[in-house]
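Here are the chains, one letter per residue:
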Amino acid sequence: MSISEFRFEPAHFPASLESLRQEIREFLAEERASGRFPRPDRVSMYVDKAFTLRMGERGWIGMTWPKQYGGHERTALERYAVTEELLAAGAPVRGHWVTDRQTGPVLLKFGTEEQKLEYLPRIARGEVFFSIGLSEPDSGSDLASLRTKAVKVAGGWKLSGTKLWNSNSHHAKYVIVLCRTSPATEDRHHGFSQLIVELSSPGVTLRPIINLPNEHDFNELVLDEVFVPEKNLLGDVDQGWHQASTELAYERSGPERWLSAFRLLAELNEALGSKASAATMAAMGRLFAHLLTLRQMSMSIAMTLETGRAPNLEAAIVKDLGTCFEQEMVTVARDIAQTEGLPAQQRGRLVQDLLDHAQLWTIAFTIRGGAKEIMRGVIARGLGLR
Amino acid sequence: MSDSINMFAEAATRLFEDKCTKAAHEAAEAGGVQPALWSALVDGGFTAMLVPERQGGAGASMIDVMETLRVAGRYSLPAPIAETIIAAWVLALAGLPPVQGPLTLALGTNAAPWRFSGSTGQWKVSGKEADVPWGATASVVIVAQDGAEAVVGMAEPGRLSAEPRSNIGSEPRDGLKARGRALDGVTRTTSVSRDQVFRYMAMARAVQIVGALGRALDLSVRYVGERKQFGRPLSKFQAVQQQLAVLAGEVASSSAITDAAAANIDSADADLLLAACRARLADAIDKVGIAHQVHGAIGFTREYPLQLATRRLWGWRDEYGSAVQWRERLGRQFVGTPADDLWVRLAAVGMAGAQ
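In order, the protein sequence lines correspond to chains A and B.
In the working numbering, each number is its position in the first sequence, counted from 1, plus 57.
In the working numbering, each number is its position in the second sequence, counted from 1, plus 32.
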């Protein structure tokens with residue numbers, strides 16, 4: 058098949074999703090009206106544990122999981138609609154976001170019955186967060202070179218190594234660590250395992266790393282002969298690489314890849330009023346065209362995920378395009394704000410705050426979750442070039 | 033990825049693969065629509081595909097048409113196939129007799145519409161329009177809006193004064209002019225409107241663009257796999273891989289938004305999605321230089337077929353609405369909307385047809 062025949066299945070969303078959207082919009086409006094979360098003046102999500110608990114109460118965490126594990130057995134498309142609404146509103150969902158998106162599905166797929174019962178209900182209630190332990194000081198994009206190692210001991214494993222760029226682990230109770238349990242064979246992806254580590258275990262040290270926008274999100278996680286009980290092995294020994302890769306399509310194709318800086322676009326759009334110049338209308342229209350296109354692609358993938366297929370190539374395309382779009386959007390927005398004289402006006406203040414914050418945060422967009430060069434490598438493989 | 037195979041698109045692929053040869057393109061650029069190619073299009077049922085069956089056409093759907101024109105774009109089909117399909121449909125709906133040979137459309141602009149005067153048997157038309165596809169050589173279906181009614185007139189080749197020109201893709205884009213020129217076939221109709229015909233043509237260009245973008249990408253992927261430098265195929269260089277990945281993303285995006293616009297072309301969201309589509313396509317076209325870059329000097333020649341796709345793309349980018357117009361149109365729909373309502377409005381786009 059030639060690549061030009063490569064097509065995203067057109068998205069047909071059921072109208073029934075609209076009532077769910079309405080429900081969450083009302084919830085968010087209420088939260089805002091009561092002052093529980095302020096009109097966002099920055100683009101990053103932040104942690105609000107009370108908000109997360111209310112999300113759990115409403116049944117918007119673990120939406121697609123089986124009820125026996127605290128889930129709500131809703132469709133992937135329903136979950137998709139909720140994530141769009143939360144992102145567009147700039148809701149403080151950082152606490153549970155990645156746990157809900159990645160940890161839950163991995164536990165469901167590879168966890169033992171005991172693990173599922175132990176963790177999933179608490180996650181779905183919004184009480185417990187997981188962090189993801191992948192990158193290391195010497196292993197970033199080349200993750201398979203990682204050196205954190207677990208050695209078999211009586212009753213479990215002894216885990217040693219250093220994980221870096223651990224997001225949110227200072228709020229989390231657990232981290233899922235990808236580590237070596239056997240040497241590589243001809244297949245360098247063989248011999249990895251995933252271990253669930255309680256962050257309060259002896260031998261675990263967390264060091265905060267302040268990021269470019271001056272926020273504490275990252276941590277360095279040092280594991281010094283940490284004992285991990287046998288029951289905390291996730292899935293099969295030495296099969297961790299495959300397990301860790303299965304959720305990439307969820308991570309990469311979602312609306313967070315093109316709605317992360319949406320508050321900037323929304324506030325700029327409001328501040329412009331209806332009297333902006335034709336050139337500004339066109340510049341804004343161009344951004345909307347990209348956004349609507351990305352949404353079509355993202356929705357198409359959500360539909361494919363619903364069928365159980367993992368469209369990793371399509372997801373890489375959405376991640377590359379979405380994150381590049383958000384970076385470019387900041388540049389375009391800055392010029393529009395200047396052209397229309399917004400910084401000098403009262404109504405331009407919020408836009409300026411968002412611009413400055415987005416300028417710093419969007420730098421991370423094309424790095425986190427797989428650098429854009431890696432995404433393009435995946436796409437090039439899809440083209441048959443490598 | 034779509035598994036559905038469109039019958040018309042499949043037949044078109046077979047026919048165009050056979051007929052759109054290098055010689056056919058050279059002949060078309062030198063002498064207009066080639067009779068042998070045209071007969072093949074007529075015999076294949078393509079020219080009248082949108083005409084209802086009871087009027088002698090194939091009674092195809094608009095989706096069939098768009099899938100077919102996507103293939104036409106892919107093969108740089110050197111004939112006014114999009115124009116003929118839509119114009120023949122307009123004639124059929126207006127109740128005017130079918131016309132043999134290539135057709136085109138003169139839709140005027142909002143500022144300068146065509147004007148009809150007179151009445152049955154004594155119709156006259158006035159106006160002028162630039163860049164009418166094959167306007168000097170095809171039969172011209174003129175559409176003007178008069179309140180709730182459209183006035184449709186047919187001018188056989190040579191009836192209007194023509195000033196031949198061509199677009200950057202060497203396709204005829206002729207100036208047409210008439211001052212009180214008598215026409216035989218004119219009628220009033222509420223079955224079509226000028227804006228609807230314009231929308232279909234804008235959509236037709238979009239799918240042609242997607243076809244041509246796919247062609248540019250395919251040629252590039254093939255070429256870098258064959259061409260060796262420094263002892264290995266160009267495809268093995270990361271710099272080349274990364275560039276083509278970018279182009280592939282542009283092609284995939286173009287395809288996605290164009291499919292969405294085509295699926296909604298008769299819905300309440302048609303104009304919004306079409307504006308988003310045409311605005312997005314322009315940005316994809318602006319990246320097609322990547323295809324040339326990876327080809328090196330051979331892509332800068334007339335003998336290598338990449339130019340058939342890319343020169344058309346640069347021409348089509350601003351036809352039936354320029355990129356700037358489409359962007360502005362989209363912007364005006366949303367700019368000024370309160371921050372918390374913007375998402376609600378954006379999320380509703382494309383939902384008009386949802387069940």
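Hints are computed from structural coordinates only; laboratory data are not their basis.
Watch out, some of these pointers could steer you wrong.
What the hints assert, rightly or not - When the alpha-carbon atoms are kept at most 20 Å apart in a straight line, the in silico EDC-like pairs for lysine to aspartate or glutamate are as follows:
(1) K319(B) <-> E385(A)
(2) K268(B) <-> E130(A)
(3) K268(B) <-> D199(A)
(4) K166(A) <-> E130(A)
(5) K319(B) <-> E430(A)
(6) K332(A) <-> D75(B)
(7) K51(B) <-> D75(B)
Verification of the supplied hints:
no.: 1; hint: K319(B) <-> E385(A); result: 15 Å, holds
no.: 2; hint: K268(B) <-> E130(A); result: 46 Å, violated
no.: 3; hint: K268(B) <-> D199(A); result: 19 Å, holds
no.: 4; hint: K166(A) <-> E130(A); result: 15 Å, holds
no.: 5; hint: K319(B) <-> E430(A); result: 18 Å, holds
no.: 6; hint: K332(A) <-> D75(B); result: 54 Å, violated
no.: 7; hint: K51(B) <-> D75(B); result: 13 Å, holds
Taken one by one, the earlier hints fail for this structure at numbers 2 and 6, listed in ascending order.
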